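With the hints as extra help, turn the sequences into a complete structure.
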Amino acid sequence: MDGLGRRLRLLGAVAAVAAVAVAAAGCGGGDDKAEAKKEFAIGFQGPLSGENQQLGINAYNGMLTAVDSANRSGTLPFTLRIVASDDQGSPEQGPTAAQKLVDNSRVIAVVGPIFSGATKSSEPLYSQADLLSVSPSATNPQLTSLGFGSFFRVIAPDTIQGAAAADYIAKALKAKRVFSLDDRSDYGAGLSTALEKALKAHNVTVTHDSVNPTKDYTSEATKITAAGPDAVYYSGYYAEFALLVKALRGKGYEGRILAGDGSNDDQLIEQAGADTAEGALLTCACGDANSDPKAASFVAEFKRVNSGTKPGTYSGEAYDATQAIISVLTKEGTGATRASVLSGFRAVDMPGVTKQIKFDGHGEVQGSTVYVYEVRGGKRVVLGPTTALLKP
Amino acid sequence: MSGGPDEPASPPAGMPSVAERMAQLRAAGRPPDGWAGAAATTGTAAAVAAADTGNAGHGGDAEGVGDEAGPGRWWRRLGGCLVLAALAALVTGPSGNADRPLAGASGSLAGERGVLFLAAGLLAWAGLTGWPRLRGLLGRPAAYLTGVAAEWAEDVRDRSGSRGRRRPSLDDAASRRSRMIAEAQPQPAARVGPRPPGQRGESAHLVPPTDRTWAVRSNWVIWPAPPVPTEPSVPTEPPAPTSGRLAAGLAMGAAAGETGTPGRRRWYRRPWARGAGYALALGAAAGAPLVVSTTVRQVMVNDIGLYALLSLGLSIVVGRAGMLDLGCVAFCAIGAYTAAYLCAPGAMPWHAPVTVSPLVAMPAAMAAAALVGLALGAPLLRRHADLLAIVTLAFGGVVQLVANNADGITGGAGGVFGVPPPSVRIGGFHYAFGLDPLPYYYLLLGLVVLVMAALAGWDRSRAARACAALRQDEVAAGVLGVRAARMRLLAFTAGAAVAGLAGAVLATKQFFNPQTFSPQASMLVLTVVVAGGAGSRLGAVLGAVVLQGLAFLLRDHVPAADRFLYFGALVMIMTALRPRRLLPARLRLGGPSEGGP
Amino acid sequence: MASGGQIARLAIDGLAAGAVYALIALGYTLVYGVLRLVSLAHGEVFMLGAFGGLYAARAALPAGAAGAGPGVLACIGLVAAGTVAGGLAGAVAALGLERAAYRPLRRRGAPRLAYLVSAVGASMFAVSLAGKEFGRRDVPVPGLFTDQTVLRVAGAPVSAETLAVVTAALGLLLAADRLVAWSRLGRSIRAVAQDAECAVLLGVSLERVIVATFVLGGVLAGAGGFLYAMTFHASYTMGYVPGIKAFTAAVLGGLGNVRGALAGGLLLGLVESFGGYYLLDAGYQDVIAFAVLIAVLLLRPSGLLGARLGRPA
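Chains as they are written, first to last, in the numbering used here: chain A, 1 to 392; chain B, 393 to 989; chain C, 990 to 1302.
Rather than coming from a laboratory, the hints here were simulated on the basis of the structure.
Hints may be right or wrong, so weigh each one.
Okay, the calculated beta carbon distance ranges per label pair [what the hints assert, rightly or not]:
#, chain 1, residue 1, chain 2, residue 2, range
1, A, Pro293, B, Ser498, 40 to 48 Å
2, A, Gly367, B, Pro737, 35 to 43 Å
3, A, Gly367, B, Val746, 43 to 51 Å
4, A, Asp103, B, Trp742, 53 to 61 Å
Only part of the chain B face toward chain C is listed, based on derived beta-carbon distances under 8 Å [as the list claims (entries may be wrong)]:
#, residue
5, Gly488
6, Ala497
7, Ser498
8, Leu526
9, Leu529
10, Gly714
11, Leu772
12, Leu779
13, Ala781
14, Ile782
15, Val783
16, Val790
17, Asp828
18, Leu957
19, Phe959
20, Gly960
Nothing here was measured: the structure is a model prediction, and the numbers come from that model.
Positions of the beta carbon are idealized from the N, C-alpha and C atoms, including for glycine.
Structural data, given as structure tokens:
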């Protein structure tokens, strides 16, 4: 962990040095000019330590990629810098982390927070300070209806994912009876509610149950097997989903097993075992940049900046969020203020790596697609967007 | 019992005489065997003490053991030092992962790091082994300084501990008496000079009340007690100084005047000095947030203030009643949800018919938490006080689970959003708290001072003395009319109420969800309490300031997930070094008779 | 719903969970019997044992053979190796716990509170160290079994994994019971539990009995940890919930009673399994153990079988 943290700092330092160097070179040797060049900071709030640090690091790397390539392009009238603030993904640490960014007068916009809970606790501070915050990953449907004036997100809320997953289950899998299980987390409950609502609209029989994250899913598997559904959809995270899949297959369940984006991780295959996880389906509002030909240049850039690491979950979203912020900054020029960036951001309309970045009045990104992944031969394979899978 | 150089040689506390040791063992229901037997036969009590230090790792320097331990002990101590050094290297080293579990270990122990920590371990061992000789060389000046420092530290701790005022000391009489007795016995290695820090009265405490008839005899301990032994001191039979103190403590009121031994009244002990000290501390606490950034203010509220309040609450249960409560955050949760229930109509699906101001909700939250504490404690503490720790641990988990699962009542995993911040309306003056942490800081500061004052009152009350008596000897305390279950329940409920208060502040401060009340938070509170000294009011607050402040300052250097590694080690070391320090001076007198195995 | 097959399924689940609870509960009971102390860090012994067994199994199983499904004998051998290694790791952990957290206090005649606090510290330390060294996510035991049904009991399928867990756990429990009942060591443990003073006067080495108690409890908990991890994966936080449930089992059977811990564990497993299915919303399954704990403490504090190993409670 220490190593990762150090690597991050090192990367940050390298990026900053590179940025300054490039800026100096780009200005044709006018040293005084380069020094006079204005510097803006973009904040990052997310878990950079703790159990969920991987998601934070993924997003941070995506952001770093965007900032680095913007600085490198040499077309900006200012230089950009990242100020990272670690909230460990917890609501308690959120306000402290947010305050750190609010206090820093150079921070002109923020990418983050990563988690919904931390977003709820930090967003009042951002709204009060008129500081734009763009989350690449907070999917809780509530967030855009709590009255936060400065909150935007570039990912679809769970309601969209739930509805798309329901479409897929009802039309593509043609399931008649579905067992919907959630982990009682904020995320899981929201997703399963959206899913069930949409499934019922398709006249699918839904059985709902919730189990807190646990290790022992045997009794739940017994219950599910007894109910005999065509498909099981789990709204929760991969560690539990792996155990659930194991328990279900152990009880001889033969139907389809699906899960939401919280389980969309390669760890799932490692923990459940390739044999057991085979055939599991995962829905996610996130495209896989690694397999998307349109995102090839992003992937290459990402690998270059992050010493060979491949983009992970939310890297692409963070990249898009940062690009959107940079586009507003470019428009505003060196005179940009927090308030002007915030008001300018509402009008953003640009193609991103993951989707078209355009927001509705609540700060919700428009037109996101939900993709379906399948575990095949020990790997996650993208089947395609749900809309495409329904057609045949 | 001053540690001045002019005092006659005092018996090293780590080295009880054989007779004392035997008496202690007998009282503990644990007659000598193995090591104790060996010690008895060789007549070297120091060997026993040396074994103590050898096993306690760092314990050696503080215990001040003589160097007459055999070479076998040296080797064992060397092993201990090396193991500790390796552990320290692991703790501070890089992390491994599931696929390469040895990567972290080998990364921690290989190369320069390994050599460095090996050297540190050897150095520690050399220090432990050579310390007694070194101390001899340093001579009297250093010894005088340490003596004064130790006494001063003692005094501060006593002040902030249960002892509101200096009472004419039966302690002094008792320890002087036992010292005389100890001196009368052949000492294998009488050490010249003052005892090392923190050794005050240990020799007295090691002597348990062996004679159950003391309750009768102690009736003729008349207050103020003359500084002469009230019972014939027969050198071969260890006296029972604690008995006198217990009875005296119970018998006397809080009104006992300041009639301490004149020699002990140095300038820093005088009331004006103490008052000035308190005023200074309060002023510093009030002024501190004005000179720092808003981020630090947030930390001072969320991480320090709330935890100071929580640890004050826990210190009632742990430090005063001597029980372990591992679910204090559960009561905090109950307080928080009660506050949300009462003052935020839209925050939870289920809310009170009337909406009240958050400041009014605070006492209500206290009452709710206290009620739950009562309901949990009443059946449990009657017979199973020793199981309280694990039952509260389970209770904490259950409360979190229910908060998470009872969607219809608590709002479930989504947490509670939108509890209004407190507002004050006095006449025409109206002030509403906002997002700014500053008013919360002063609110918390006020509450902390209030709770500290209340605890100071508690420590002078009959309840505190009853708790002390209970800790010392439950049977005897029962004879004197102390109802164990009731006292424990009182302490447990009071602790729950303070936690509930903290919960109410938390609720009005910010968004919270069930994850806020994880068992880990309870562990953190316990760490703060142990680090500050469980029975100490000021200690609880200072513990929160130091630990949480360090955590904040080092947040970029120490991975947050590793924090509990250090906290766990801290708790173990603190307990191993000073098992009795967990309890304030007044309560610490409990002999092994009430102790565990 | 209450078909015979369903009941058999639930019973099998309950037995498998209960057998592991019983293994941990024995440690609580033994330590409580001898020291009158609830060893709060016992769940961490269980966790460390699981990691010990897991890495032993990984080392024993060649990486390539994982998916192929080794033969029956190899499977049995691997389970045995993992269990033994888990037991060893558990013993080492328990010994370390005793030396680091309890012995210094015993030597100083500390009050009981100090033992509890020290154990909590040890528990925090062990959990974080495991998290640091083994990573903070679930680690599966390499796939010994490809979940096939080997047996049907009253219409309920029993997977090879469950069969292995139940057999190994029951075997260990039986062995521990006999050890305490028949061996010289067991006699000294029981003697100390009954009357420490008298036992020591009669020549029993208290120190040795204490160490043996911890080691015995550690072996059982560590082996239980491996068996648990076979089905439920190992993780650094795995000790918390089973630790509390096993304590409940020990109280249920009578704290200090070896047979009681055994019966209590199995009973608690069954109560949880059936209660979770028929009575409660699945989300509240973990509340059952707590309710049982409180109920037992209120109604029959000495447990179902009474506290027989030690003095009467």
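Evaluated hints:
Our hint of 40 to 48 Å for Pro293 (chain A) and Ser498 (chain B) holds, since their Cβ atoms are close to 42 Å apart. Evaluation of the 35 to 43 Å hint for Gly367 (chain A) and Pro737 (chain B) yields a pass: the beta carbon distance comes to about 37 Å. The beta-carbon spacing between Gly367 (chain A) and Val746 (chain B), approximately 46 Å, falls within the hinted interval of 43 to 51 Å. In this structure the supplied range 53 to 61 Å is violated for Asp103 (chain A) paired with Trp742 (chain B), their Cβ-Cβ distance being about 38 Å.
The beta carbon of Gly488 (chain B) is positioned within 8 Å of a beta carbon in chain C (closest approach about 5 Å), and the interface hint is therefore held. Interface restraint check: Ala497 (chain B) against chain C, minimum CB-CB distance 6 Å, threshold 8 Å, status holds. Hint status for Ser498 (chain B): violated, given a least beta-carbon distance of 11 Å to chain C, over 8 Å. With 8 Å as the threshold, the beta carbon of Leu526 (chain B) stays out of range of chain C, its nearest partner Cβ sitting at about 23 Å, so the hint is violated.
Look at Leu529 (chain B): its Cβ only gets to about 28 Å from chain C, farther than 8 Å, so that hint breaks. With 8 Å as the threshold, the beta carbon of Gly714 (chain B) comes within range of chain C, its nearest partner Cβ sitting at about 5 Å, so the hint holds. Because the beta carbon of Leu772 (chain B) sits about 6 Å from the nearest beta carbon in chain C, less than 8 Å, this interface hint is met. Interface restraint check for Leu779 (chain B): the shortest CB-CB distance to chain C comes to about 6 Å, inside 8 Å, so the restraint holds.
Taking 8 Å as the C-beta cut-off, the interface hint given for Ala781 (chain B) holds, the closest approach to chain C being about 5 Å. For Ile782 (chain B), the suggested interface contact is upheld, since its CB lies about 5 Å from the closest CB of chain C, less than 8 Å. A least Cβ separation of about 7 Å between Val783 (chain B) and chain C falls short of the 8 Å threshold, and the interface hint therefore holds. The interface hint given for Val790 (chain B) holds, since its Cβ lies 5 Å from the closest Cβ of chain C, which is under the 8 Å cut-off.
The closest approach between the C-beta of Asp828 (chain B) and any C-beta of chain C is roughly 34 Å, which is over the 8 Å cut-off, so the hint fails. Hint on Leu957 (chain B) holds. Least Cβ distance to chain C is approximately 4 Å, under the 8 Å limit. Look at Phe959 (chain B): its Cβ gets to within about 6 Å of chain C, closer than 8 Å, so that hint holds up. With a cut of 8 Å, the hint placing Gly960 (chain B) at the interface with chain C holds, because the nearest CB-to-CB distance is about 3 Å.
Comparing the model with each numbered hint stated earlier shows that hints 4, 7, 8, 9 and 17 do not hold.
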